[in-house]
Structure formats: C-alpha cells, structure tokens
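Peer 1: These are the residues of each chain, in order.
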Amino acid sequence: MRTVSAPRPLHIVMVGWEWPPGHTGGLGVHSFEISKELTRLGHRITFLTPFTGPFTPVDGVTFRFPGEPTVTPGKQYPPAYWSGGTADSPFSDAADGYNAWVGLLEGVGKVDVVHVHDWFGTFGGKALAERLQVPLVMTVHSTEYDRSLGHPWDHILSREQAGIDGATRVIAVSRHLRQQLIDRYHADPHRVRVIYNAVRPSQRLERIDPTKRVVLYVGRLAAMKGVDTYLRAAARLVPTFPDVLFVIAGEGPEYSRLIHLAASLGIGDQAMFLGKVSDEEREVLLAGSSVFVLPSVVEPFGIAALEAMAAGVPTIVSKTSGVAEISSGAFQVDFWDAEEFASRIAELLEYPTLRAAMGEQGRWEALREGWPERARETVGVYLEAMESRGRGP
Amino acid sequence: MKIVLYLHMHQPWRLARFRYLDLGSGRSYFDNDRNLGIFRGIADRCYRPALDRLLQSLETHPEFRVSLSVTGTFVEQAKLAAPDVLDRIRALVRTGRTSLLAETYYHSLAFLVPPPELAEEVAMHRSMLQTEFGAQPKVLRMTELAYSDDLARFAESQRFSGMLAEGWEGMLRGNPPTYRYCAAPAPTVMLLLRHYPLSDDVGFRFSSKAWNEYPLTADKYARWLASTPGELVGLFMDFETFGEHHSAQTGILQFLSALPDAVHNEPGLGWASVEEAIQGPPRDTLSVPYTMSWADQNRDLGAWLGNDLQRSAFEAVKKVGLVVRRSGDPAILTDWRKLLTSDHFYYMYVSGHGADQGVHQYFSSYDSPYDAYANYMNALSDLRRRALDKLGVPILK
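Going down the list, the protein sequences come from chains D and B.
Following our numbering, the numbering of the first sequence begins with 1 at its first residue and continues without gaps.
Following our numbering, the numbering of the second sequence begins with 1001 at its first residue and continues without gaps.
Be a bit skeptical, because a hint or two may be false.
Over the 12 Å line for every Cβ pair with chain B, so calculated as not near, a few chain D residues [said to hold, decoys possible]:
(1) R40
(2) V111
(3) S148
(4) Y255
Using C-beta positions, here's what the derived DEER-type ranges look like [unchecked claim]:
(5) B:E1315 with D:E360: 18 to 26 Å
(6) D:G25 with B:G1026: 42 to 50 Å
(7) B:N1212 with D:G150: 48 to 56 Å
(8) B:E1315 with D:W336: 33 to 41 Å
(9) D:G150 with B:Y1214: 46 to 54 Å
(10) D:W153 with B:R1205: 55 to 63 Å
(11) D:D188 with B:S1247: 31 to 39 Å
(12) B:P1197 with D:A356: 34 to 42 Å
Hints listed in this document are in silico derivations from the structure and should not be mistaken for laboratory results.
All C-beta atoms in this analysis are idealised placements derived from N, C-alpha and C, irrespective of residue type, glycine included.
The whole structure should be built from the sequences, with the hints applied where relevant.
Peer 2: Written as structure tokens, this is what we have:
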C-alpha cells in the first residue's frame, strides 16, 4: 500500500450517507474520521449527503445536500429527495432521487476524485465522475449478501455492482471482504485495495470496579451479528458463574426475539438488554467490562471490537470478522461455536493474568495505526486512481 | 581441533484444545493423533534420512563421531509413530562412536521446581537410555542447555563427569569457548561449550539467501572450523536442523553427508564424542551464578519465563505439583510431568518485535500466546481437581 503524500492538495467529492451528529451506524463515523484526517493533510472535501444536517463542522469540509440552498441545514424535514417515495417503501425511490441530484450536481469547481461509500450513491457518483472526467473510488464497508445473510435485494446488488464495475479503485475494509468482492462481484483483483478501519483512544482509561464481572456485546441486533451464539454461550456459563452479567447493548430487528431467547434459555436474570446506548454510555460500559464479545456470523470489519480493544477490554471475535485480521491479541472463535465462546469467556473471567495481558496487547494493536495512517493510505489509492485513469478503469 | 557434533532429539506431548467447559470431563489433555502425525511427518523429512546419513558416515569414516540426546517423550512418541527411528538410533549406538547424553525425561523445567523432581526425572531418563539403547551416559545436558553453578553441583551429586553449556561471552570472562573447562563449584564436572556462531551458521543461517555466506558448502565450513583457534569446537543444535528446520531442498542433508569428507581433507581437524571430549585437563574453572540457556539474544530463561503469562503458568504448575505429589497417583503425576515440559511455556512467549519473534512463531503450536496460556491453565486446573479429588478434598467449583 503506498502512503506517499500527494504532490498538491486534492479536492475530493465524497458521495456519502450519514454524518455526525445525526448518524445511526459506523459509516457516518468513518466518513467523519477519514475526512477530518484528509483535511489535516491539506486536502479539501465536498461531502454530499441526502440528509439536511445539522453537520458537525470540520475545517475544509463543505456539505451539499438535495434541496440546498433554499433549504437551510437542519431546518426542514423530510429532505427534498424524499418526495418521490412513499412512507412504506421510500428507499429505492429515495436513492433514485439522491442519485439524480448527485449526477447533475453543479458548482463544485475543479475536482480530482469522486469517492463513493457503499451502494447508496453509486449511480450518481459514477455519473458525476464521468461528467467531471475524474476517477471514481468506491469504499465497500459491507455487501448486500452479508447484510441479508444470503438473500440480497436485486436493486441494491445492481447498485453495488455498478460502483464496483465503474470505480478505478475499490477499497475494502478487510482482506476477507476484498476476496468476497473478487469472488461474488467479479472485481478485478488489481483494482481492489484493503484499508482497515481505525479507532481513537478512549477518553475513559480508568477501569470501573474491576471486581465486577460484566461480559459485553455492543452492536446492532441483526441476524448477521450472531447474538444467538452469545446467549447460548451465556447459558452454558450461568450455572458456574452466578455473579456474572451478560450485557447486550444495541437495538435492531432481532431485539424482541433475542429477549425471548434469553428467557427460554433460562438466563433472563443474568442477561441484560440495554437497548441503544450513546457513545458516552458505551465508553462507561467498556470501562466496566471484563470481556467483550463480537460473535458475528458476518462482519466485514467490526469496529465495535476495535473500540473495546482500544479501551483495554480483552476481546473475543468470530474468525470471519475483518477485525480478526489485525488483532492477534483477541481470541478468535468460529461464529457457530457457542461452547468455544463460553470457554473463552470463562477463561478470561477466571485467569486475571490472561485478562491483563490480552487487554494490554489489544490496546496496543487497536491504537498502533490510527485514522491518520488510514487517510494517508486513502490518498495513496486516490493517486493510483488518478494515474491509471486514461488507461481505462 | 576436535569437532564435538551434538544433536538434540525431542518432541513434546502437545496439548489438545482443552476448553474451560472440559474441566471435570475426564478428557485427555494431549492430542495423540496430532502429536503422532507431526512425529511421522518429521520422521519422513528428517529423522530417517539424517540418521541414515550419520550411520553411513560412521561406516565410511572411522574417525567420525556424533553425540545425541533423546528425550523420554521423543522415545514414547517414536514407539507409537515410527519405531524404526529408534532402531536407527540403536544402529548408531552399536558403532561405539555415538554417545548419548542424560537429561530430564520430559524435557522439563524440573530444575526450577522443588526436589526431588529433577533427580527423579534424570533417573527416569537414565533408566530409559539403559533399557532402550543399553547406554550409560556420563555427560548431562539440561533442558534448553540451561546451566548454572547449582546445576553443576547437581551433576556432581548424580556422578556425571561432564555437562554442556552455551559458550556465551557473558560467563567466559575473555576465555575462548573452544576448550574444556570445569565447573568452579564442582571441579569433577567438565564443561563443553557450544560455539554459537559456528553452530548457528548451520542451525539458523544455512538456508538464508540474505546471508552473505550463502550458500554454505561443507568445504567452506570445514575451512572455517580448521581456522578456528582452540582444541574443541562444540557444534550443538537441534537434530531437526537436518531436513525439518531446513528442508531437504536447501541441500542440508547433502551438507551433513559431505561434512566428514570435508573435515578429513583439512589437516589438524578431527572429531570427538562428548565422552571423549571431557577426557583431559580443564583449561580453567567457570562460574555461572545465574541460569543460562542457549536461546534468544539474552541467553537466559526469558523464552520460557520472561513474561507474566509464563511466570503465572509456571507458578501455578509448581503449586499444583504439591497436591499432585501428595495424591500419590502415578497417572496424575505423569500428566503433571508432561505439563512441566518446557515447550508449553515457550508457546506463551509474547513479543511484538525483535529477531526472536520469528523463531518463536515457527515453533509454536498455537495461534497466539494467549491461546497457549488459556489452554494450559485449563488442563492444569483440571489436573488440580483430579489431585484434590484423589485426596478427598471437596471441590468448590
């Protein structure tokens, strides 16, 4: 991966989705962090989003959204692109509206590269890049195959495919995901680069009462997250560890089913469902936890695990998660193996020397390369894309 | 100048994955299929071809000598996986020009646990060598070439006439490593020292294309040996150097075959077994008040007991040893001794950086040192339960 600095400041049009503070998932955080570091390196970003804000400001980042300039950020809802959809199924129409707006966008000035994240804005991003005669770079954070556990929506697949086919360079957030793009989407291996996610050091480094025994899962409650395995593991441990709390923080479509599962496994007393937690609450939870568990069936990266490691919490991840590729200090377990998850949790609860050693190693691994390195790698991909344009994507 | 070629043959009983949930299940800690599978592979690639070449050299070169140490766990596995390997060693011993060395039966850290463990393991090993090979060794080597004044005293108490040690500048005080010495606290114990630069040329560097002496031929190596000043040059290394650490494709087996000829062509160069090499007056006495080994840049026990995981596991196994002995159950004692094998602690080595990490990774049978520690502690906890159970002590968990 080249991380050379650019010969001159670049202007990047980023075709995005969410941006803090109004974000619900990791993509908003990723866009925010990588943009912040890119502007620190002297580059300028025009960030396109279907939402009207408000946006946490970053020097060097300009926000554009459908409906502007007549719509003031944060003042009007629903945003202009929403008009084509219905309340029941607004999504693909909403995407169409956003993409049409992106493709026809005027007044962005001289642009060096168009960078699109995931499927939502690929049609528009591709059209814009072609019109401006600049390369398209696409970052894939997850695929529709994974999100749907093998039952993809065609209209999303076609948007993903268009981005992967049209991009001069594709960035995957793990080697595992890169391979999937090559196998399932027939991406040209020479054009796919891996850039991992990163985390910032936790503000809260002191541990809350280390004698309290809490096992923590933080993440969406979706089928691909494998929370069933976690609950089954907890059920194996409850008889031996009557003092341990198994905490599940997050919301999602599986919420009530998982609560029922916990009850039917007889661990209702020791399994605690917190619902959605704020960033600050999550840091408090991490500071008070002995073990963090990421049992995902499918996990292109798994930033929650990296955040736990950065907070010094020993972590168990499924072997198929992208984060497993860069964390030798985490236990790696087959996502279906509840017995092994249970054993790993018990080992961390029982052996304090192990807990301390893995906590320390995890923190080192999670923080040794941060967003600044990731931004430099991203610039390297922009430069590759700019050089190879003209020789065809 | 006499060459003392000494090769170490050992395989540990590696642990199976023994989960925390397996505690109390009665499952075996050791994965015999896997261990014997590994043994068979190494027998094909290394033990058979290299032993055959050594025998051939002994037959064609009356001056050639080789010395071997063979651990008890190696012999146990060989009997089950490849008994012909033991026949090949017997054939070497029958020539009368192959010396065997004594050591701990389990290739263990017994020298760091309270008596009588060390004396018992060395006695077990001696009796095994007598039974299997008809050998009565005079020279002792400790696990990982550990050496200290205390160990020299131990060797003397067990009536050994010699011990091996690393020829490390730190303890030589300006003396060259190429002479016979004797232990300061036990003058009847002669010391033979490993010449680590020349040993590592073969053991570590032979197949490295980045090495400026690559490729190393037997003739070139014999010239280096001949031009080394002194009386004895100790080439001590793992037997697996020949065909396993360096694969056959690197030419290491041809090198082994060609060495006696190349040595023969150098005037003044010859061979000695360890038992021959300890004969004669020592040049000086050597004192080593701490424990030294042949591993890593520091030549200490850091590779086995250098980090918190390793020290915690070792303290735990020592403690469990007390109840194990009190339980009086031979099966429990045997399992405990297998857990005292040094390799288990080596797998728990952690270091993000440095030249040694690659070496450790290569020898590990786990994905990470954390896996190694957790698995070991589970097995040990189970063993402790069994011992307490035998003693009739109620188990809380």
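Peer 1: Would you pick out the hints that fail for this structure and give their numbers low to high?
Peer 2: none
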